[in-house]
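Taken in order, these protein sequences are the chains called A and B.
Using my numbering, read the first sequence as starting at 1 and increasing by one per residue.
Using my numbering, read the second sequence as starting at 1 and increasing by one per residue.
Hints are not guaranteed to be accurate.
[Stated by the list, open to error] Have a look at the derived ranges for each label pair, beta carbon to beta carbon:
{"#": "1", "chain 1": "B", "residue 1": "S601", "chain 2": "A", "residue 2": "L188", "range": "27 to 37 Å"}
{"#": "2", "chain 1": "B", "residue 1": "R384", "chain 2": "A", "residue 2": "A210", "range": "49 to 59 Å"}
{"#": "3", "chain 1": "A", "residue 1": "A43", "chain 2": "B", "residue 2": "R36", "range": "49 to 59 Å"}
{"#": "4", "chain 1": "B", "residue 1": "T580", "chain 2": "A", "residue 2": "T116", "range": "51 to 61 Å"}
{"#": "5", "chain 1": "B", "residue 1": "R413", "chain 2": "A", "residue 2": "A133", "range": "23 to 33 Å"}
{"#": "6", "chain 1": "A", "residue 1": "A111", "chain 2": "B", "residue 2": "T580", "range": "37 to 47 Å"}
[Said to hold, decoys possible] So the derived list for chain B, only partly shown, Cβ under 7 Å to chain A, looks like this:
{"#": "7", "residue": "F37"}
{"#": "8", "residue": "S174"}
{"#": "9", "residue": "L197"}
{"#": "10", "residue": "L462"}
{"#": "11", "residue": "L466"}
{"#": "12", "residue": "H602"}
I should point out that these hints are in silico values taken from the structure, not numbers from a laboratory.
Note that CB positions come from ideal geometry on N, CA and C, so glycine has one too.
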Amino acid sequence: MTRLTSPLTTALYRPTAGSLTGASVYALAAGALLLFVDGLPAAVRIPLALPLLLVVPGYAAVTVLVPKPRPPRDADGTEPEVRPEPGLSAGERLVLSVVASIALVPAAVLATLPVTGVGRTPTLVAVVALTLALAAVAILRLPVRTRPEARREAVPAIDRLSVPTDAVSLVAIGLVAVLLLSSAGLALTSGSDALRTEFYVADQPADDAAGTYDLRVDHHGGSAQTYTLAVAVTDGSGDEVTWRALQRRTVTVGPDETGAASVTLSDADFEDATGIRLALYTGEPGDLADVTPHRTLELSVGESADSGE
Amino acid sequence: MSVSEYFGGIPSVDLRLDTTAAGVGLLLAVALFPLRFYVSSVFVGTVPLVLGAASALYLVTDRYGSEHPSLEASRVGAARAHQLRAATVVGLAGMVFVTTLTGGRTVAFFAVAGLVGALLFAQITFVRREALDPALVLVQIVGFTLLVRWLALATTPGLIGIDAWVHLPDYAASVRGSGGLGAIADSQYYSAPLYHLLVVGAAEVFGSSLRTGLYATLGLVVPLSVCLVYYTAGQSLSARWALFATATFAVADHVVRWGLHLIPTSMGLVFFLGVFYGVSTVYASERSGAAYGFVLLFAFATVLTHQLSAFVVLLFLTVGTVVQGYLRFVAPRVTRSRAADVPAGVNFAAVLLVVAPVTLADWSLGPREGEAFLPAMVESATTRLGEAGFLDLASASGGSTASVASVVTHVPRSVQLVDTIGFLALLLVTVVGVFALLRHASLGSLPLVWIAAAAVMLLVTLGMPLFGLYFLLPTRWYAFMYVPMVVLAAYGMYHAEISLSARQAAALLVLFALVFPGAMLVNHSATRDAPVNEDAYHRFAFSQGELDAAETIATVHPTDVAIAADDPYYLLFRNRHVMTADPLELASDGTATGTHVVYRSHLATGGTQVRYDDEMVRAQLPATSVCRPSMDVVYTNGDVTYCTAP
Chain A
1 MTRLTSPLTT ALYRPTAGSL TGASVYALAA GALLLFVDGL PAAVRIPLAL
51 PLLLVVPGYA AVTVLVPKPR PPRDADGTEP EVRPEPGLSA GERLVLSVVA
101 SIALVPAAVL ATLPVTGVGR TPTLVAVVAL TLALAAVAIL RLPVRTRPEA
151 RREAVPAIDR LSVPTDAVSL VAIGLVAVLL LSSAGLALTS GSDALRTEFY
201 VADQPADDAA GTYDLRVDHH GGSAQTYTLA VAVTDGSGDE VTWRALQRRT
251 VTVGPDETGA ASVTLSDADF EDATGIRLAL YTGEPGDLAD VTPHRTLELS
301 VGESADSGE
Chain B
1 MSVSEYFGGI PSVDLRLDTT AAGVGLLLAV ALFPLRFYVS SVFVGTVPLV
51 LGAASALYLV TDRYGSEHPS LEASRVGAAR AHQLRAATVV GLAGMVFVTT
101 LTGGRTVAFF AVAGLVGALL FAQITFVRRE ALDPALVLVQ IVGFTLLVRW
151 LALATTPGLI GIDAWVHLPD YAASVRGSGG LGAIADSQYY SAPLYHLLVV
201 GAAEVFGSSL RTGLYATLGL VVPLSVCLVY YTAGQSLSAR WALFATATFA
251 VADHVVRWGL HLIPTSMGLV FFLGVFYGVS TVYASERSGA AYGFVLLFAF
301 ATVLTHQLSA FVVLLFLTVG TVVQGYLRFV APRVTRSRAA DVPAGVNFAA
351 VLLVVAPVTL ADWSLGPREG EAFLPAMVES ATTRLGEAGF LDLASASGGS
401 TASVASVVTH VPRSVQLVDT IGFLALLLVT VVGVFALLRH ASLGSLPLVW
451 IAAAAVMLLV TLGMPLFGLY FLLPTRWYAF MYVPMVVLAA YGMYHAEISL
501 SARQAAALLV LFALVFPGAM LVNHSATRDA PVNEDAYHRF AFSQGELDAA
551 ETIATVHPTD VAIAADDPYY LLFRNRHVMT ADPLELASDG TATGTHVVYR
601 SHLATGGTQV RYDDEMVRAQ LPATSVCRPS MDVVYTNGDV TYCTAP
């Protein structure tokens with residue numbers, strides 16, 4: 001393994017005027033891009049905006065409070081028992097920056113709310129302005145160091161993983177790759193094939209069974225679907241109930257669209273009937289008796305004693 | 001530290017504070033034990049046992065244990081650590097694979113997640129000091145924390161939880177639509193709007209839905225914030241035990257819950273972690289102004305985010321003030337030591353003097369149901385306190401008829417016990433940690449504040465419900481309570497390690513690593529999206545079919561009539577679609593009443609609730625019990641049926 005001190009680690013461990021200026025420039029540039037460039041896809045907007053909303057303002061604020069790095073550990077690996085002036089490690093500063101950001105970003109929006117309201121422009125302007133102001137204060141708060149001092153104060157390095165060649169790492173990397181690629185493959189190919197259909201009565205005759213029934217078919221799917229609607233009424237009573245078919249029609253509904261169908265029934269249709277059945281089939285089946293309906297609605301005809309109380 | 005030192009006891013009897021506390025704990029456990037004969041609550045039955053076991057364990061190890069670190073020699077070196085790391089990373093990828101394969105967080109997912117959690121604890125506890133890389137372990141913990149939460153968020157349609165359906169589609173959408181807070185002027189969040197402004201601001205900047213705005217901001221920050229536990233505990237504990245505290249916190253049931261159900265409570269918890277971290281930094285740096293800055297920044301952020309979280313912060317600061325005051329003014333008198341000997345510690349009183357007025361001012365200005373928030377809450381609390389009575393617990397309906405009894409279900413005792421194991425394990429180790437801290441002569445004021453804060457929060461979560469007092473929403477306190485508890489638990493486990501023989505310590509650590517993460521992750525609070533025992537507990541998430549149905553039914557349902565559905569489905573109508581909605585009401589014949597009712601197939605097997613005899617009962621109902629044969633079936637999508645009485 002080799003030791004690594006990346007610019008990001010350095011900036012998080014020991015903020016400098018350069019790193020704070022860099023943060024400010026990022027805030028300005030990202031803010032301007034997000035504000036003025038229309039049509040940026042979400043895949044660009046979100047990664048661009050995330051550091052602006054979740055890291056940069058907090059980084060400047062945390063640096064205002066604690067501009068210094070955490071003193072290095074003693075030779076035996078333990079830390080000094082009392083730290084007269086707090087300093088932060090790189091990870092600590094990063095986490096605090098994120099947590100402080102989610103406090104400061106909405107607070108900045110709140111502060112400008114009476115004047116600007118909530119929206120993309122006010123949010124971006126408030127966040128960028130806050131970041132610039134905090135970064136300026138943070139730069140003023142930075143400890144003054146001479147060049148030799150700065151050179152002497154090494155940034156604690158983190159281990160950089162070299163290309164793993166041991167069997168354990170190779171097996172692990174292979175397994176992780178297989179699992180993640182399989183997951184991606186599954187996610188891409190396993191779109192739900194189940195048909196999601198909503199079938200309902202949008203309107204029906206108020207007082208009498210005879211009249212027009214407005215029906216809706218909400219089809220949630222990637223391609224158009226043909227449905228067959230069959231209307232039947234009860235024939236007979238008691239255990240001898242059978243269904244008398246009345247009408248049948250076909251409706252084709254586009255993806256994520258609502259299909260409408262109206263059924264008009266006359267008094268003659270209801271002779272001796274106590275109920276209506278509205279059955280929805282997928283496709284255009286020949287003999288409906290052999291097919292199970294995809295969705296079924298049932299309505300009673302005439303007065304009912306059931307008030308639900 | 002001796003009792004006489006602290007409390008000025010009889011000089012000739014030099015009782016030690018830790019063993020005395022353990023003895024008191026044992027007596028308390030004995031005193032609380034008979035409560036199980038009066039109350040059927042699983043906590044009442046188990047907490048005294050755990051308290052007694054922890055006290056006895058401490059006393060036994062204190063009497064017979066050794067004080068020599070003996071496990072270190074048995075720990076594994078760099079090669080084994082590398083293998084454990086590799087296995088953990090493979091396990092993390094396995095979690096993604098299993099979720100994709102099964103379409104959500106299923107039992108298989110939790111099996112893999114429990115195993116990965118065990119591997120993480122194994123790395124923390126069984127890797128030799130020189131081979132333990134805290135940064136790498138912390139990254140794995142954060143990765144694990146993110147996956148456990150994000151795989152649920154990504155595979156659940158809509159939102160997880162119930163309140164989220166108010167905060168996003170109602171409050172945040174109103175703020176976004178109107179461009180100001182006037183749209184939520186009647187809500188208590190008018191004076192605590194940071195959550196809604198963050199979500200709306202992010203969604204605007206992203207050019208996305210509110211859901212994306214929420215998940216891409218708070219959804220990331222909540223898992224990441226567990227690192228604050230590491231940096232807090234790391235100020236007084238070694239990296240190993242700071243990692244232990246962090247991992248314990250990251251998998252804890254209610255902490256997972258607020259990473260799934262992303263509402264102002266989640267944000268309040270993050271800020272509470274910030275306050276807790278700030279206080280520890282003040283303590284470690286001997287009152288650095290910058291560290292006070294963190295405390296105030298996060299405390300004010302809490303005030304502007306969530307009233308209950310702000311109350312928890314106030315309580316924490318008050319407890320600190322009382323402890324600090326006691327050590328400063330009372331302890332020196334009774335121990336006849338000089339006040340100057342007492343370490344300065346954190347000036348909780350000063351922080352409280354700044355934070356409390358701001359909090360109270362915010363509460364006084366904020367609305368709640370047409371009144372100011374503070375008077376409304378005081379009135380509510382006064383009323384509830386007046387109605388309180390010991391062992392006044394809500395009880396299941398006892399007078400149900402045979403028909404109702406056939407559909408009413410109860411959470412089996414065995415399921416309840418399994419569900420509680422994680423919490424009990426944490427409590428046991430925490431109690432040992434308390435005694436271990438009391439043992440050390442160098443005990444400072446901050447550990448005492450942690451102990452007192454955890455005790456007070458335990459009182460709110462477990463004690464107040466015994467009196468029928470729920471107005472402080474005790475279930476919301478667990479995650480906050482876990483913050484001091486996990487640090488104390490790390491002390492407890494450290495103490496166990498150095499007090500027990502290598503074999504005993506290894507057995508304890510293995511047991512904890514195997515049981516704790518799995519038990520916590522399958523707890524019903526951590527599985528709000530997909531309870532492992534789905535027939536026993538609510539599923540606080542809805543399928544795409546259920547969401548579609550609610551949306552469509554809302555358009556055809558007459559506005560002047562209440563709609564009835566099971567709990568929690570009726571809340572979707574009430575919160576998301578702003579309809580008059582009630583829980584289904586059962587008649588004595590076991591069928592549902594109501595003229596406009598909704599049945600979902602989940603009711604046949606799930607742990608949903610309905611109302612019977614003015615109480616909520618768990619029931620599994622067939623379709624014909626809700627959509628009675630005499631009713632019109634006017635809507636169906638296969639999952640959900642909407643019926644009206646003709």
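So, going through the hints one by one against the coordinates:
no.	hint	verdict
1	S601/B <-> L188/A: 27 to 37 Å	holds (29 Å)
2	R384/B <-> A210/A: 49 to 59 Å	holds (57 Å)
3	A43/A <-> R36/B: 49 to 59 Å	holds (57 Å)
4	T580/B <-> T116/A: 51 to 61 Å	violated (37 Å)
5	R413/B <-> A133/A: 23 to 33 Å	violated (59 Å)
6	A111/A <-> T580/B: 37 to 47 Å	holds (38 Å)
7	F37	violated (41 Å)
8	S174	violated (11 Å)
9	L197	holds (4 Å)
10	L462	violated (29 Å)
11	L466	violated (35 Å)
12	H602	violated (16 Å)
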